[in-house]
Amino acid sequence: MTKVFSIGTGLVTPLGSTVTSVLEAIREGRSKQYFSRNGFTGHSFFENIALEAAQKAISGIEITPKTGFILSTAKGNVEFIGREDISLALSARRIADALGVKTTPIVVSNACISGVAAMLQGMRMIRSGAFDKVIVVGAEVQSPFIETGFDCLKAISPEPCRPFDKDRQGLNLGEAAAAMVLCADEGPWEIVDGVIRNDANHISGPSRTGEGSFKCLRYVLESLAKEDRLSFVSVHGTATPYNDEMEAIALDRAGLSHVPVCALKGYFGHTMGAAGLVEVIVCMGAHDMGFIPASKGFGELGVSRPVNISAQERPASGNAIIKLLSGFGGVNGALLLRKGGSL
Amino acid sequence: MKMVSIASGTDLTALYRKLVGNYPKFFKMDTLSKLGFLLAEMLVADDSDRFTEREDRAVLIFSRRGCLANDLNYAKSMEDFPSPSLFVYTLPNTVAGEIAIRNKYQGETGAFLLEGYDRPQIDEIVHQVFQDRITRDAIVAWIDCPSETEWTAQAWIVSK
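Chains as they are written, first to last, in the working numbering: chain S, 1 to 343; chain L, 1 to 160.
Hints listed in this document are in silico derivations from the structure and should not be mistaken for laboratory results. Where is the CB? At the ideal position from N, CA and C, for every residue including glycine. Hints are not guaranteed to be accurate.
Selected chain S positions facing chain L (in silico; Cβ < 7 Å) [said to hold, decoys possible]:
hint: 1; residue: Val19
hint: 2; residue: Ser21
hint: 3; residue: Ile81
hint: 4; residue: Gly82
hint: 5; residue: Ser87
hint: 6; residue: Leu88
hint: 7; residue: Ala89
hint: 8; residue: Thr103
hint: 9; residue: Ile106
hint: 10; residue: Ala111
hint: 11; residue: Gly149
hint: 12; residue: Cys152
hint: 13; residue: Ile196
hint: 14; residue: Ser204
hint: 15; residue: Phe328
hint: 16; residue: Gly329
I would like the entire structure built from these sequences, with the hints used as guidance.
Here's what the structure looks like:
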């Protein structure tokens with residue numbers, strides 16, 4: 001089977017707009033969820049940050065007639081609702097055109113697993129042989145539409161979020177854009193496998209048995225080679241009571257309760273359609289520098305199963321990472337990433 | 001290949017009573033989800049092993065506008081009192097979740113938004129989704145709702 005690699009990444013986050021500066025902020029324990037829009041004079045801030053992230057990712061990479069484009073977002077330009085056509089496909093077209101992409105863009109909008117779903121779709125597009133590169137961009141900006149929605153669902157924490165902590169009170173929303181270029185040649189990280197599974201249980205709450213996330217973990221673990229060593233699992237870790245409990249059960253059922261996990265929402269908040277890409281890029285960058293990021297906000301374990309999570313940075317000692325996400329609509333997704341080259 | 005559709009403006013409550021009748025959650029759904037739910041009913045009503053958990057069937061929703069008709073309803077509710085029951089339908093993949101819950105499909109579900117109905121592009125994406133090692137077939141739907149009273153809605157089942 002064709003191997004698929006990440007050959008370029010781009011980050012635009014309130015914490016920084018390079019992988020290096022974001023990793024530095026994480027090591028210093030800083031957090032910031034919202035951008036300042038001071039000085040922004042364009043029309044769509046959402047499309048602006050998405051394009052900026054994509055431009056960083058394709059820097060030095062040639063766009064060919066067989067380069068595909070995927071936009072990952074939950075709500076895109078929803079801040080303009082009622083005032084203009086905010087169909088997500090229109091945003092994707094404008095961003096793809098600005099990049100010079102010649103193929104027809106697609107939007108993956110699969111709630112909070114959109115980022116993982118989009119990277120999985122990109123991997124499949126390369127493997128299909130019809131595309132030589134795929135640009136995957138995830139972006140989300142916040143507005144009262146999303147804020148009031150999560151608020152009326154009582155999912156928002158009044159304090160900085162505390163993933164997996166016994167006193168966690170919910171999530172913080174966040175804004176970010178992130179992009180990755182996939183291709184079949186060679187690259188520092190391989191996208192080995194990916195999967196999406198539905199809980200078939202509830203549209204706005206996770207399965208109490210972690211069914212979908214467990215199935216996702218089981219599926220990607222099949223692609224872990226004998227010589228691979230799993231460094232850590234980057235969990236969804238929204239810090240809502242139900243999500244973190246569900247993930248703890250899924251990790252335990254998959255035999256991963258001893259494997260280090262890290263939860264990154266304490267730095268960025270929940271960036272929804274951007275989360276999968278942001279967190280994967282941060283995890284790859286941290287691993288390249290030899291560390292597992294500290295799970296900011298975590299203090300004392302507050303789930304019913306053992307989870308190997310830490311408020312401290314730890315050394316990364318392996319060659320593979322699993323990214324796990326869950327979202328509304330009962331969706332769960334996982335990706336298996338392997339550091340390129342020899343172990 | 002079995003193909004089903006629901007004509008624009010059809011009385012969905014009447015269709016639900018004719019096809020199902022004992023699934024009150026239907027009435028909570030937005031138009032997009034109602035359409036997807038009913039299309040799936042029309043496709044799988046005769047399945048011999050219906051309502052047994054399965055992981056080998058994907059549910060893939062394609063649309064231009066996704067859930068924008070319901071998004072407008074939620075935005076209107078914000079002016080008064082934001083409605084959680086409307087907010088949970090402000091994602092285009094929720095309809096796939098409703099079909100999965102109804103039929104106990106624990107496989108892949110997803111929503112793809114395109115600039116317009118493009119069957120070759122849909123077929124290409126479905127074919128790519130079939131790279132999943134467990135998926136054997138997929139319920140594929142094109143549902144697009146410019147408003148809650150006008151739509152295009154069709155669905156079919158594709159085998160790997």
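Tested hints:
At about 28 Å, the closest approach between the beta carbon of S:Val19 and any beta carbon in chain L exceeds 7 Å, and the interface hint on this residue is violated. Contact between S:Ser21 and chain L, as hinted, is not supported at the beta carbon level, the nearest pair being about 32 Å apart and thus beyond 7 Å. Hint on S:Ile81 holds. Least Cβ distance to chain L is approximately 5 Å, under the 7 Å limit. For the restraint placing S:Gly82 at the interface with chain L, the shortest Cβ-Cβ distance is roughly 6 Å, inside the 7 Å limit, so the hint holds.
The interface hint given for S:Ser87 holds, since its Cβ lies 5 Å from the closest Cβ of chain L, which is under the 7 Å cut-off. Nearest Cβ of chain L to the Cβ of S:Leu88: about 5 Å, under the 7 Å cut. The hint holds. Because the smallest distance between the Cβ of S:Ala89 and any Cβ of chain L comes to about 5 Å, under 7 Å, the interface hint for this residue holds. The interface hint given for S:Thr103 is violated, since its Cβ lies 10 Å from the closest Cβ of chain L, which is over the 7 Å cut-off.
Checking S:Ile106 against chain L: minimum C-beta separation of about 6 Å stays under 7 Å; hint holds. A distance limit of 7 Å between C-beta atoms decides the matter here; for S:Ala111 the minimum to chain L is near 5 Å, and the interface restraint holds. A least Cβ separation of about 4 Å between S:Gly149 and chain L falls short of the 7 Å threshold, and the interface hint therefore holds. Hint status for S:Cys152 relative to chain L: holds, with the closest Cβ pair at about 4 Å, below 7 Å.
Checking S:Ile196 against chain L by beta carbon gives a least distance of about 4 Å; that is within 7 Å, so the hint holds. Look at S:Ser204: its Cβ gets to within about 4 Å of chain L, closer than 7 Å, so that hint holds up. At a threshold of 7 Å, the smallest CB-CB gap from S:Phe328 to chain L is about 5 Å, leaving the interface hint in force. Interface restraint check for S:Gly329: the shortest CB-CB distance to chain L comes to about 3 Å, inside 7 Å, so the restraint holds.
The structure fails to meet hints 1, 2 and 8 from the earlier list, while all remaining hints are met.
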